[in-house]
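Residue numbers (my numbering), protein chains in the order written: chain A, 1 to 419; chain B, 1 to 419.
Please note: incorrect hints may appear among the correct ones.
Chain B regions said to be covered by chain A (calculated; three or more residues, Cβ under 8 Å) [what the hints assert, rightly or not]:
1. 89-96
2. 158-165
3. 173-181
4. 282-293
5. 368-380
Treat the hints as calculated values from the structure; they're not laboratory data.
If you're wondering where the values come from, they're calculated on a predicted model, not measured in any experiment.
Even for Gly, the Cβ is constructed at its ideal location relative to N, Cα and C.
Protein chains: 2
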Amino acid sequence: MKKRNLFYAQSGGVTPVINASAAGVIEAATEYPARIGKVFAGHNGILGALREELIDTSRETRRAIQGLKNTPGGAFGSCRYKMKSLEENRAEYERLISVFRAHNIGYFLYNGGGDSADTCLKVSQMSAQMGYPIQAIHVPKTIDNDLPLTDNCPGFGSVAKYVAISTREAALDIESMCATSTKVFILEVMGRHAGWIAGASALAANERGDAPHLILFPEIAFDQRRFLNKVTQSVERYGYCVVVASEGASTADGRLLSDQGERDAFGHAQLGGLAPLLAGMIKEHLGYKYHWAVADYLQRAARHVASQTDLDQAISLGRAAVKLAMEGANAVMPTVERRSNKPYRWRIGTAPLHKVANREKKMPRRFITKDGFGVTAAGRAYFEPLIAGEAYPNYDRGMPRYTRLKKMLVPKRCEPWEE
Amino acid sequence: MKKRNLFYAQSGGVTPVINASAAGVIEAATEYPARIGKVFAGHNGILGALREELIDTSRETRRAIQGLKNTPGGAFGSCRYKMKSLEENRAEYERLISVFRAHNIGYFLYNGGGDSADTCLKVSQMSAQMGYPIQAIHVPKTIDNDLPLTDNCPGFGSVAKYVAISTREAALDIESMCATSTKVFILEVMGRHAGWIAGASALAANERGDAPHLILFPEIAFDQRRFLNKVTQSVERYGYCVVVASEGASTADGRLLSDQGERDAFGHAQLGGLAPLLAGMIKEHLGYKYHWAVADYLQRAARHVASQTDLDQAISLGRAAVKLAMEGANAVMPTVERRSNKPYRWRIGTAPLHKVANREKKMPRRFITKDGFGVTAAGRAYFEPLIAGEAYPNYDRGMPRYTRLKKMLVPKRCEPWEE
Numbered sequence: 001m002k003k004r005n006l007f008y009a010q011s012g013g014v015t016p017v018i019n020a021s022a023a024g025v026i027e028a029a030t031e032y033p034a035r036i037g038k039v040f041a042g043h044n045g046i047l048g049a050l051r052e053e054l055i056d057t058s059r060e061t062r063r064a065i066q067g068l069k070n071t072p073g074g075a076f077g078s079c080r081y082k083m084k085s086l087e088e089n090r091a092e093y094e095r096l097i098s099v100f101r102a103h104n105i106g107y108f109l110y111n112g113g114g115d116s117a118d119t120c121l122k123v124s125q126m127s128a129q130m131g132y133p134i135q136a137i138h139v140p141k142t143i144d145n146d147l148p149l150t151d152n153c154p155g156f157g158s159v160a161k162y163v164a165i166s167t168r169e170a171a172l173d174i175e176s177m178c179a180t181s182t183k184v185f186i187l188e189v190m191g192r193h194a195g196w197i198a199g200a201s202a203l204a205a206n207e208r209g210d211a212p213h214l215i216l217f218p219e220i221a222f223d224q225r226r227f228l229n230k231v232t233q234s235v236e237r238y239g240y241c242v243v244v245a246s247e248g249a250s251t252a253d254g255r256l257l258s259d260q261g262e263r264d265a266f267g268h269a270q271l272g273g274l275a276p277l278l279a280g281m282i283k284e285h286l287g288y289k290y291h292w293a294v295a296d297y298l299q300r301a302a303r304h305v306a307s308q309t310d311l312d313q314a315i316s317l318g319r320a321a322v323k324l325a326m327e328g329a330n331a332v333m334p335t336v337e338r339r340s341n342k343p344y345r346w347r348i349g350t351a352p353l354h355k356v357a358n359r360e361k362k363m364p365r366r367f368i369t370k371d372g373f374g375v376t377a378a379g380r381a382y383f384e385p386l387i388a389g390e391a392y393p394n395y396d397r398g399m400p401r402y403t404r405l406k407k408m409l410v411p412k413r414c415e416p417w418e419e
Numbered sequence: 001m002k003k004r005n006l007f008y009a010q011s012g013g014v015t016p017v018i019n020a021s022a023a024g025v026i027e028a029a030t031e032y033p034a035r036i037g038k039v040f041a042g043h044n045g046i047l048g049a050l051r052e053e054l055i056d057t058s059r060e061t062r063r064a065i066q067g068l069k070n071t072p073g074g075a076f077g078s079c080r081y082k083m084k085s086l087e088e089n090r091a092e093y094e095r096l097i098s099v100f101r102a103h104n105i106g107y108f109l110y111n112g113g114g115d116s117a118d119t120c121l122k123v124s125q126m127s128a129q130m131g132y133p134i135q136a137i138h139v140p141k142t143i144d145n146d147l148p149l150t151d152n153c154p155g156f157g158s159v160a161k162y163v164a165i166s167t168r169e170a171a172l173d174i175e176s177m178c179a180t181s182t183k184v185f186i187l188e189v190m191g192r193h194a195g196w197i198a199g200a201s202a203l204a205a206n207e208r209g210d211a212p213h214l215i216l217f218p219e220i221a222f223d224q225r226r227f228l229n230k231v232t233q234s235v236e237r238y239g240y241c242v243v244v245a246s247e248g249a250s251t252a253d254g255r256l257l258s259d260q261g262e263r264d265a266f267g268h269a270q271l272g273g274l275a276p277l278l279a280g281m282i283k284e285h286l287g288y289k290y291h292w293a294v295a296d297y298l299q300r301a302a303r304h305v306a307s308q309t310d311l312d313q314a315i316s317l318g319r320a321a322v323k324l325a326m327e328g329a330n331a332v333m334p335t336v337e338r339r340s341n342k343p344y345r346w347r348i349g350t351a352p353l354h355k356v357a358n359r360e361k362k363m364p365r366r367f368i369t370k371d372g373f374g375v376t377a378a379g380r381a382y383f384e385p386l387i388a389g390e391a392y393p394n395y396d397r398g399m400p401r402y403t404r405l406k407k408m409l410v411p412k413r414c415e416p417w418e419e
């Protein structure tokens, strides 16, 4: 069998462990020296392929590749660049295949979410049509945890851990101050279409009355009266109320709560910030003193407190993608299959890309309590193993030692790409 | 010498290590069994003394007291309750002294910031006037790091570490996305009057060009044109810009930037949120895509990544306060004295309370770069040792095991207090 190179790229929003998948891919590829030549990584994701900016990972030290397992962000650069459909822009796919052909690339490993799964599928199809068949394997990644057919998505477990810990910590803070000061704390978390991240905050609670007292899910239509009642109830019962709100919380008509047409002093639409909006509601109707936090990138980059389970799975899925390629697979994605909750047992499975692409997995209703503000025992049982274990990075003078790569590019062989 | 009880209370905003000082006090007190009876802790700070709600710390297990060293928040409850001046409300001080007398309390250890140092001083003075002299010792604590006469304040080092780590992590995130997406990231941090916390974010940078590219200090008047120029410069040079803004950033006329009279959709003053305000400015004038985060309580409660140095000092200062009491000291505060930067060497000193009360220590100008947007080498040398070492809590099923106390109250002996 001919020796061919492997192309790997990171796509979309990054995670605390996407680089760990990259390390898994690169390390596994070295185990097939007769069949895999070099691993090229796209500089800034798929743009690196279009622009023929291919990073030669063999120029990085072994230590740097190891270091990727502890480094958040996307070490090769990621991008938000959605490939157009074949009808709209066939030329883009043709360009990709030409670059792959010029560099003897036979394996396309794409590390991303739902959109990327779609791109990955199209690359597989187009390359066959163009007579240069490429095995396209999708490596799952998304903190949103919304890919179907896998138990969970790498990145999610670490964000879930960060959010659950932050909720518990902030709750201890407000609990100790609430006698004379702040009564309501609101934490806004990511998850535009699915409430997985918000839901994971439920792990902060051990006993009845523990925070979070109220979770807002995109899956449950927001009702201001019911929300304010629940806040009041919690303050009266426990002295304070901790709210965890998914940025995707929406009203019954499907509009984002954070985009209700309000204008700020400059006349702009409200600049994101569901948390300050909810705080305003609470102040106006209940008069409680509040604090709010918006974790934003902090949650998505918090490698300092990553989940060991998440890290292990991120590495394993990267390795599994290479193995699948070696087994001749095409247009598939390695998945995590959960075998049991306690103890948590999982193995690697596979899913065909046409069943993954462009589908969103929302929180099932049975994971959300009847009142729509909490997580059921079944939900907790789902979340709990995903945050298990602490994968700490190394530190140097009080700061985590994160890896920065050399990112040496391979000499170009194609015409420049007209963007 | 007569055996007398010790009263300890937590005051004002809590920190990741205020409970470690409490543990230091409680453990040290047991070393003087002939002179110190019980340690009573105020339930919700000084209110616990006024209301005669005294927590009997001897009813807690040794393990729980040990656990305090790893637990954020204020385990006995804190409060924002500023004692009035003697002229305005002498009765309040008299009540305190009566409760102390009724419970044979001879030592008053107050764990707080500048306001609390003032209260502590007054208790010492009033008790002498009332013929029931109490030794009042202030245990320093404030994440704002603005107490004078001490190298730093317990709580600050851990918040500094959290903010520096979060800045480095978020910077890796935006750096990997900036080719096609977000160009500016703004992190708002605490510190209403002094820029210490914002300044500590400078430790995120290792090399020229590293984030943070721009820090906004309360000590430097905000100038929109200069700010926007610096953002543009950073985006053009490095592809992105990370801004760390102290909530206390103000214009030249001394008004908080976050309180410039803007009104939101409800007609309220802008609900906190300097970060969204800066984001609005950047969008309006530069058009860059941005993200912003407001860490709020998350930074103040982040015990999961506390500084070992900070923890050690918090415990030591609690112990030192007891030792000072045993040495007959009164109206003083144990301090941290820095002996050298590299290696960091420190010892416990003392400061008289009249020189501590109601004074704020701002960032010295020599710690801030000439352009007002960065931290000098001298500033870095100051900050660096304070974040050294990782004091991790124990974990249980993926979550930090934080201690909750029984908080058993001592039977009351006084008349109810009329609030």
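Check whether three or more residues of the stretch 158-165 of chain B sit with their beta carbon closer than 8 Å to a beta carbon of chain A. Coverage by chain A holds here, the residue count being 3 at a Cβ distance below 8 Å.
Cut-off 8 Å, C-beta pairs, minimum 3 residues; does the coverage of the stretch 89-96 of chain B by chain A stand? violated (count 0)
Within 8 Å of chain A (C-beta), three or more residues of the stretch 173-181 of chain B: Per the Cβ count (8), the hint holds.
Between the stretch 282-293 of chain B and chain A, see if three or more residues pass the 8 Å beta-carbon test, and mark the coverage as holds or violated. holds (count 5)
Check, residue by residue, whether the stretch 368-380 of chain B contains three or more positions whose beta-carbon lies closer than 8 Å to a beta-carbon of chain A, and give the verdict. Since three or more residues must qualify, the claim that chain A covers the stretch 368-380 of chain B is violated, with 0 doing so at under 8 Å.
Consistency note: the structure conflicts with the earlier hints numbered 1 and 5.
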